[in-house]
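**Q** Here the protein sequences come in this chain order: A and B. In terms of UniProt numbering, the first sequence has 502 at position 502, counting the first letter as 1, and numbering is strictly consecutive. In terms of UniProt numbering, the second sequence has 99 at position 99, counting the first letter as 1, and numbering is strictly consecutive.
Just so you know, not all the hints are guaranteed correct.
[As the list claims (entries may be wrong)] With the Cβ distance kept under 10 Å, some of the chain A side facing chain B (calculated, not the full set): (1) Ala79; (2) Ser82; (3) Asn109; (4) Trp117; (5) Pro120.
Rather than coming from a laboratory, the hints here were simulated on the basis of the structure. Note that the Cβ used here is the ideal one computed from N, Cα and C, for glycine as well.
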Amino acid sequence: MEREVTTAGSAAPIIALEGVTKRFPGVVANDHVELAIWPGEVHVLLGENGAGKSTLIGLLSGLQQPDEGRILVDGKPTAITSPSHALSLGIGTVFQHTMLVPTLTVAENLLLGAPWWRRPRKDGLRTRVEEVSRSLGIKVNLDALASELSLGEQQHVEILRALLRDSRILILDESTSMLTPSGIEELGVLMRQLVGRGLAVVFITHKLKEAAAFGDRISVLKLGRKVGEIAPERFRALDEESLISEFVELMFGKRSGDPEDVVREPHPGISQAAPVLSVRALTRAPTSVSPGLSDITFDLRPGEILGIAGIDGNGQKQLADALSGQIATDDGSILLDGQPIEFLPVHARRDAGLRYLTDDRLGEGTVAPFPVSINFFLKQIGDRPFWRSGIERRAELDRRARALIAAFDIRTPSSETPVGRLSGGNIQKVLLARELADGAKVVIFNKPTYGLDLANALATRNRIREIAASGKGVLLISTDLEELLGLSDRIAVMAQGSVVGTVENSETARTEVGRLMVGLAA
Amino acid sequence: MTGLFSEIFLSALLFGAVTAAVPLLLAGLGEQMSEKAGVLNIGIEGMMIAGAYVGFLVAFMSESLWLGFLGGAVAGMAVSSIMVLLCVRLGLNQIVIGIGLTLGLEGLTALLHHFQFSRTYPRLPAADVLAIPGLADIPVLGPALFQHNLLVYLSVALVFVMGFIYRRTQLGLNLQAAGDKPSALDIAGVDVVTTRTVAVLTTGALAGLGGAYLANVGAGIFVPFITNGAGFLGIVLAMLARGRPLWVLFGALLFGISLSLTTALQVAGINIPTDVIQMIPFLAVMVMLVIFGRKSSLPAALGLPYERGSR
Numbered sequence: 001m002e003r004e005v006t007t008a009g010s011a012a013p014i015i016a017l018e019g020v021t022k023r024f025p026g027v028v029a030n031d032h033v034e035l036a037i038w039p040g041e042v043h044v045l046l047g048e049n050g051a052g053k054s055t056l057i058g059l060l061s062g063l064q065q066p067d068e069g070r071i072l073v074d075g076k077p078t079a080i081t082s083p084s085h086a087l088s089l090g091i092g093t094v095f096q097h098t099m100l101v102p103t104l105t106v107a108e109n110l111l112l113g114a115p116w117w118r119r120p121r122k123d124g125l126r127t128r129v130e131e132v133s134r135s136l137g138i139k140v141n142l143d144a145l146a147s148e149l150s151l152g153e154q155q156h157v158e159i160l161r162a163l164l165r166d167s168r169i170l171i172l173d174e175s176t177s178m179l180t181p182s183g184i185e186e187l188g189v190l191m192r193q194l195v196g197r198g199l200a201v202v203f204i205t206h207k208l209k210e211a212a213a214f215g216d217r218i219s220v221l222k223l224g225r226k227v228g229e230i231a232p233e234r235f236r237a238l239d240e241e242s243l244i245s246e247f248v249e250l251m252f253g254k255r256s257g258d259p260e261d262v263v264r265e266p267h268p269g270i271s272q273a274a275p276v277l278s279v280r281a282l283t284r285a286p287t288s289v290s291p292g293l294s295d296i297t298f299d300l301r302p303g304e305i306l307g308i309a310g311i312d313g314n315g316q317k318q319l320a321d322a323l324s325g326q327i328a329t330d331d332g333s334i335l336l337d338g339q340p341i342e343f344l345p346v347h348a349r350r351d352a353g354l355r356y357l358t359d360d361r362l363g364e365g366t367v368a369p370f371p372v373s374i375n376f377f378l379k380q381i382g383d384r385p386f387w388r389s390g391i392e393r394r395a396e397l398d399r400r401a402r403a404l405i406a407a408f409d410i411r412t413p414s415s416e417t418p419v420g421r422l423s424g425g426n427i428q429k430v431l432l433a434r435e436l437a438d439g440a441k442v443v444i445f446n447k448p449t450y451g452l453d454l455a456n457a458l459a460t461r462n463r464i465r466e467i468a469a470s471g472k473g474v475l476l477i478s479t480d481l482e483e484l485l486g487l488s489d490r491i492a493v494m495a496q497g498s499v500v501g502t503v504e505n506s507e508t509a510r511t512e513v514g515r516l517m518v519g520l521a522a
Numbered sequence: 001m002t003g004l005f006s007e008i009f010l011s012a013l014l015f016g017a018v019t020a021a022v023p024l025l026l027a028g029l030g031e032q033m034s035e036k037a038g039v040l041n042i043g044i045e046g047m048m049i050a051g052a053y054v055g056f057l058v059a060f061m062s063e064s065l066w067l068g069f070l071g072g073a074v075a076g077m078a079v080s081s082i083m084v085l086l087c088v089r090l091g092l093n094q095i096v097i098g099i100g101l102t103l104g105l106e107g108l109t110a111l112l113h114h115f116q117f118s119r120t121y122p123r124l125p126a127a128d129v130l131a132i133p134g135l136a137d138i139p140v141l142g143p144a145l146f147q148h149n150l151l152v153y154l155s156v157a158l159v160f161v162m163g164f165i166y167r168r169t170q171l172g173l174n175l176q177a178a179g180d181k182p183s184a185l186d187i188a189g190v191d192v193v194t195t196r197t198v199a200v201l202t203t204g205a206l207a208g209l210g211g212a213y214l215a216n217v218g219a220g221i222f223v224p225f226i227t228n229g230a231g232f233l234g235i236v237l238a239m240l241a242r243g244r245p246l247w248v249l250f251g252a253l254l255f256g257i258s259l260s261l262t263t264a265l266q267v268a269g270i271n272i273p274t275d276v277i278q279m280i281p282f283l284a285v286m287v288m289l290v291i292f293g294r295k296s297s298l299p300a301a302l303g304l305p306y307e308r309g310s311r
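With the hints as extra help, turn the sequences into a complete structure.
**A** Structure (structure tokens):
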């Protein structure tokens, strides 16, 4: 990765944070954070989910005010009271979620914020936009509706908006999370150009490789505290490998190789056992929005992890929903331990030992405003020992909930906290705790690490391995090929609602699965 | 049946349609602005009845129709400022507060009217009419459309003013952003609460004006509950019009005709029970909702209070 040496910039930082602390109920989001943002630098804020990155951005962009400490702008202590104040100070922010009005055109979005009594000046805007976008090498269609643009194009518009407002600092909050690989590269080039013009870029990410590729200076946040900073001089002196291992040490306090490298341990003696789950010719008619299922047949043995690969939207979700009983099938049979379950409703399949961890953790998996404790027992509501004659047994619920919270290392202020307030990783643990309870035989995971930060993803993968090691069958649906190659014993590939091939996870599996995914024979 | 198709009957029918349409038009335009900005203003019925009562009272006392209109608009605005405080500033539930305002003001105006006039219902003199030279002489249409109070023409002009504001001004952009993506507006440096406040106060003024017209010109009298759902019809119009002022005008005229039919059919002595005739406007609502309701696309943030920093 080549990195041009940036000019040292002026001697003073544009913004400096001194001992900034921000508390929310039950959490210290930022704990005495010290940070300096210099012109001409890409300053990477690296940290896991919940490390306090978003709160820091909120403070800089005027959405929130710090409880303690102060923010210096050009050396003067300044309270940034509102987003418009932040803009007038030259702080432009591109938030993680698009901040464009979908029903307005790009031009109208860029014009938002001018004095209300004025007529929108589209012609003046057009010339300025052409000027700025040409020099950056980006193209925007001013007359398109914002909702018609791809996420990458929307981001360009937002960056453009910040530049049109003469921002001196551009904050990019998790800007790569929605982008394609080529979009990420384009963004990297763009950032280089911006700092070349003397802007400061603050780039927030939880991906180590991006931090190493795009940054000049890196600050690492962990649990609301800044745990380390790598200055540009040292940054340039290190190669990517040593940088990444340094990040890992700062973030997780242990040195290791690429933490996403998963070492797979083969499970001996699987193939002899009788299948715990047999699916025969499972069929469901396609609809206008989903590909349906055609003639799905596979066996899953105890202790085996069967990966389901495929490009998203090729029937994986339908397969999981059909197996768990959430959607009806037209034909075919599902045998759990030799017993047909295809006519059973959801709860009966669960009772029989088939468990499903949905990818839609908050929408479908939990009731967000309910406390963690009730969410553990959502599928046993009304059952003993937690309910007797329809009356909730608070003490019993809490006792059991606390045990699960400890056993699954769920980070929650209390068992009474609404589950929607937890981070994605902790919600996943709540689901795991619930679904693995008493008598699981087969566990279906749908995109188990989607949206999780590294530590939680690794923990989840370990958990999946443990589940298989304890003799349960695991069906692992994922769009992450590395994850499948790291965990599965066999990998089945889905395309257009059918299984187009099943591959033993051997040395050649990567290319075989890859070819199947894009529609070539293995 | 000849009475039904005589020139005089048609002319009276259309005249009545316009008179009935104006309060709906004003309420619909007002509601449209609130909804554009993301506030579902169920209290508009209460704002209308307040405008009707105060508008009538001021016109009765001062013997000036226009002071009455002004009074009505101010009263509507006063009621909407309660909505601003509770729903826009404090973020309380817009539907609950809206229903509360409507019920409260219906009762309050009935009570005040009773204190003031006991059981007498004084009438206002007939409103001045401005005949538009030339056009007013067209047979049938002339007397029906071009011999109205000045406010009627102003209301129609307002349709085009609103269209201009929504499509061509910065204010229009701000209003739409406040309803579709308030966080984007906030980040662009425009205060969402202020934008919505302006919208709701305007709604109140227009609804109050519509109420005052209803009492002072349409009826020439104030009776308790005189608005009889006109504000709610305004909400329906705003929803069906999908942000287009011209559609509010068409819708208001359509409802105006059906409202006018109820009176005209009674006058014409058609042998249909009055209860059935009085159902016509509301049947028209249901038919329109069935035909167009599915297509109504409402602002994404409609009914949601804005809180900075939440997504």
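**Q** Identify every previously stated hint that the structure contradicts and give their numbers, smallest first.
**A** 1
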